[in-house]
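Asker: Here's the letter readout for the chains.
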Amino acid sequence: MATVETWPGKHPDWLKHANGEAFGQVKDAPIGHGNMKRKEDARFIRGLGNYLDDVRLPGMVHGALLRSPYAHARIVSIDTSAALAHPKVAAVVIAKDLETLGLAWMPTISYDTQAVLAGDKVRFHLQEVAFVIATDAYAAQDALQLIDVEYDVLPAIVNARKALDPDAPLIRDDKVGQTDNLASPEWEAGDKMNCDRVFGEADTVAVRELLYPRCHPSPMETCGMVADMNPATGQLNIYNGNQAPHAHRTVYAQVAGLPEQNIRILCNDIGGGFGNKVPVYPGYVCAIAGSIVAGAPVKWIEDRSENLVTTGFARDYNMHAEMCSKGGRITGLRVNVIADHGAFDSTAQPTKFPAGFFHIVTGSYDLDGAHCTVKAVYTNKAPGGVAYRCSFRITEAIYCVERMVDALAQEMNADPIELRMRSFIRPEQFPYETQTGWTYDSGDYEKTMKLAMEMADYEGLRREQQEKIANGEIMGIGVTFFTEGVGAGPRRHMDILGLAMNDGAELRVHPSGKAVVSLSAQTQGQGHETTFAQIVAEELGISPNDIIVRHGDTDKTPYGLGTYGSRSTPVSGGATAVVARKVRDKARAFAAVMLETRPEDLAWEKGRWYVKGDPERGATIESIAEYAYGPNPLPEGLEGGLDANAVYDPPNLTYPCGAYISVVDIDPGTGKVHMRRFIAVDDCGVRINPMIVEGQIHGGLAEGVGIALMEILSFDEQGNCLNSSYMDYLLPTALECPEWELGETVTPCPHHPIGAKGVGESACNGAPPCVTNAVIDGLYHAKGIKHMDMPCNPARVWAAMNGNAQPPQ
Amino acid sequence: MSINGQAQSHDVEPRMLLVHYIREMAELHGTHWGCDTSNCGICVVLMDGEPIKSCTTLAAQAEGHEVMTVEGLAKADGTLDPIQQGFYEEHGLQCGFCTPGMMVTGRALIDKHPNPTQMTDHEIREAISGGLCRCTGYNNIIKAIRWAAAHEAQAAGRS
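Protein chains in written order, with this note's numbering: chain A, 347 to 1155; chain B, 263 to 421.
Keep in mind the hints are simulated off the structure, nothing from the lab.
We treat Cβ as the ideally placed atom computed from N, Cα and C, and that holds for glycine.
Treat each hint with caution, since some may be false.
Stretches of chain A that chain B covers, calculated by requiring three or more beta carbons in the stretch to come under 8 angstroms of a beta carbon on chain B [said to hold, decoys possible]:
#1 383-394
#2 560-568
#3 1044-1052
#4 1072-1084
Here are the simulated distance ranges between beta carbons [as the list claims (entries may be wrong)]:
#5 B/272 - A/1097: 57 to 65 angstroms
#6 B/374 - A/793: 42 to 50 angstroms
#7 B/379 - A/817: 35 to 43 angstroms
#8 B/377 - A/839: 55 to 63 angstroms
#9 A/785 - B/377: 53 to 61 angstroms
#10 B/278 - A/817: 54 to 62 angstroms
#11 A/674 - B/374: 52 to 60 angstroms
#12 A/773 - B/379: 41 to 49 angstroms
All chains should be modelled from the sequences, with the hints used to inform the complete structure.
Answerer: Encoded structure:
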């Protein structure tokens, strides 16, 4: 057997590495915020990450899912006998087996139900039909071929508007009283009468039909699980890279009827999430059921086709949008949405917000009126509706408003930046209440926009564009200015499945002054092991190298709702700062005893309490920790030790913003879009680790450019998904990405303990409309074309530039 | 075959993929799997110094060849290869899943380039364009490869 020779643990001299970089110690680490290399990288660069497929348990068997080749069909019969006769097959599970366990259907996070394995009929292409468990993964795949399913094929609906036709086939005939394909009642926000009045008084109105196509987060590691039900103790250990381990534990307890204290979720390293790893998928329930049935740990990992076609799609919003102006500024916005939720409504959103936060659609502008409605429908497409690097439909909202500002600028014959500048919410208007009910916390939009213009040399670009167009070339300049609401959220407004969207933190300072901070947030690559150590370091004045961040084990971390919607820093970061301040306050009481004075006579400087007016007399956190655990007298009313807990309930969302400018060159002969430049100025408040923040922006920009130019899940008339591998579902490579040009402004969040706002998703929100606006800007100036939908791939741009722009199928 | 200089011999099914052989038989988990179709580059290893996609190579095809995985980059005493150090210094990774494939691809690029310190941006982008990274947007991966090339040249100049 081979040994991993490169790991110092296997080398005779390994101990010399134990206090060094190989174990995550970072040279020149700041005591607090600032640029710092990542602690977690030590294992990743050695190939020693511990991802889901690296989990190996004694006796472990392998699961695989049989999936439907049809998008809509009745199941007539399922014959599993040949599969069961395969020598390596341990069990085959179908819907009726799950019924006996009460697991045939599971609740979704939108209070709908979803079939774990289809029993009555299949409702989308590649829906789960049977689960095979075999002694190795190859045999499990072989056995799938031995299952014989007879289908009675039904007409499929893959177009959201057609789903509302009175004669459309009923998709959810399993639901009592369901007579049409509406997934939820129409939902609205804003004052319709006022909005109508504003439109009535307008000078100019722009109208566009916008389709934000169905796309997929597609992290490089697919989804999967190792479920290990211990038949002796009833303990269920679940290894599963997911973004919300605590919420998953509660859901599994409800779904499987298992005692919650017997369930432990273990997320090791996660190869990206981007929203894809928020939901509970049928494969997970199958793995758990399989472990119960087989009496052994079951590993199930989906392949790339299963990932792309069946899990966690994003967007699929059909938007009819109107925007109006009066006196040269934007005054009103009206949007009617038909949202395609697929066959089961498992879209991710807080309970009180059936359309997520879509009604933040008024953007960064001081409008006189706005009204929006959202209608959700069932179709024969995969369920999901997760937010792909997005806080609950904010991406769709930002795309809508930012496309419409450009459309209105065209109708007004105005410069798109000038129109934005004239319409911005001004700094003195914060806190600002929008027409649809959000209270924006802070921002200086004009300053942020101007910095982007300077970096891009906007005037120069416009001059260059004129010259290019005159020469028959096509150059486009795209602009967006977005405002997001991230960090859900205040418990009085926001819950998912009845769980308040708060997060916990626990901090233990050990006798040596070293610390462990435990979080409910769950990193998928965002660098929490570094950033959260820095938050504690900033508050306590100890080195981030002396702080371990614990996450990903529900038995060892406090409750909270996890990492998505850019909520880690706004919510868990708040909890971490608060818990560190609690420890600091406790340390003050100890220091007062140690220094024989009163706590109020002490002042804090990073790392120590000292006597006001006598700074030489002080006690460091290390000495206070030693005292707190030692056989020493305690401050009155305090127990020994130096630790604390906190649950952070954010008073509001945080509202990061950004100004983006992109430059594209379009080949007039082929329609190919070349991304020449991308300037991104983000204001996410206080930056804890600027290096990590910039990395987050880089990644979001690449995903946003991908969405704008190439990413789409499309379907044929029979409901077959046409993008079932990376040969058809295109992600941007290094060749499609420009060198990102970043800038920043800092408007601290007034209500967050450290003034931070959340940034993980900003770029993926701002980039798609920015690039689309650039493409359309080019086509408009060269050929008078006013609209096309994403993705702006060569074939579609070619059609658009020849006057045949069509929404994608 | 040999992997990272160590001889390997197992009886395997003819259809076994090299990526599965590396992970399951040689028990080297640093090489990951991402797509099945040779599009993502997560599974890249070097075979006789050339980057190949181990998800579309049969284990049997590697017989008689020298395979290098991410575990073969650092020295036995734990000293990192400059490419590993470069990814660390330049924040060239986030979730770490594509990182082994990107690092060995970068290693091969530097080894084969006649003048690594003079690589153009486009040459680096093209070399890594067989791989997908969803986290970094590639900027810092390019910087990481440049860091490695520059520091190797510097070290060679001193010695």
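Asker: At the C-beta level, are residue 379 of chain B and residue 817 of chain A separated by a distance inside 35 to 43 angstroms?
Answerer: holds, 37 angstroms
Asker: Verify the coverage statement for the segment 1044-1052 of chain A against chain B, using a C-beta to C-beta distance below 8 angstroms and requiring 3 or more qualifying residues.
Answerer: With 6 residues close enough to chain B, the hint holds.
Asker: Can you let me know if the beta-carbon spacing of residue 377 of chain B and residue 839 of chain A is within 55 to 63 angstroms?
Answerer: holds, 60 angstroms
Asker: So does residue 278 of chain B sit 54 to 62 angstroms from residue 817 of chain A, Cβ to Cβ?
Answerer: holds, 57 angstroms
Asker: Do the beta carbons of residue 674 of chain A and residue 374 of chain B sit within 52 to 60 angstroms of each other?
Answerer: holds, 59 angstroms
Asker: May I ask you to test the hint 41 to 49 angstroms on the CB atoms belonging to residue 773 of chain A and residue 379 of chain B?
Answerer: Given a distance of about 47 angstroms, which is inside 41 to 49 angstroms, the answer is holds.
Asker: Hint says 53 to 61 angstroms; check whether the CB-CB distance for residue 785 of chain A and residue 377 of chain B agrees.
Answerer: holds, 58 angstroms
Asker: Is 57 to 65 angstroms respected by the C-beta to C-beta distance linking residue 272 of chain B and residue 1097 of chain A?
Answerer: Given about 60 angstroms between the Cβ atoms, the range holds.
Asker: How does the segment 383-394 of chain A fare against chain B when you require at least three residues with a CB closer than 8 angstroms, holds or violated?
Answerer: Contact hint for the segment 383-394 of chain A vs chain B: holds, 11 residues under 8 angstroms.
Asker: Has the segment 560-568 of chain A got at least three residues whose CB is nearer than 8 angstroms to a CB belonging to chain B?
Answerer: holds (count 5)
Asker: Counting residues of the segment 1072-1084 of chain A that have a beta-carbon nearer than 8 angstroms to any beta-carbon of chain B, does the count reach 3?
Answerer: That given contact holds, which follows from 7 residues of the segment 1072-1084 of chain A lying within Cβ reach (below 8 angstroms) of chain B.
Asker: If I claimed the Cβ atoms of residue 374 of chain B and residue 793 of chain A lie 42 to 50 angstroms apart, would that claim hold in this structure?
Answerer: holds, 48 angstroms
Every hint, counting from the list given before, is met by this structure.
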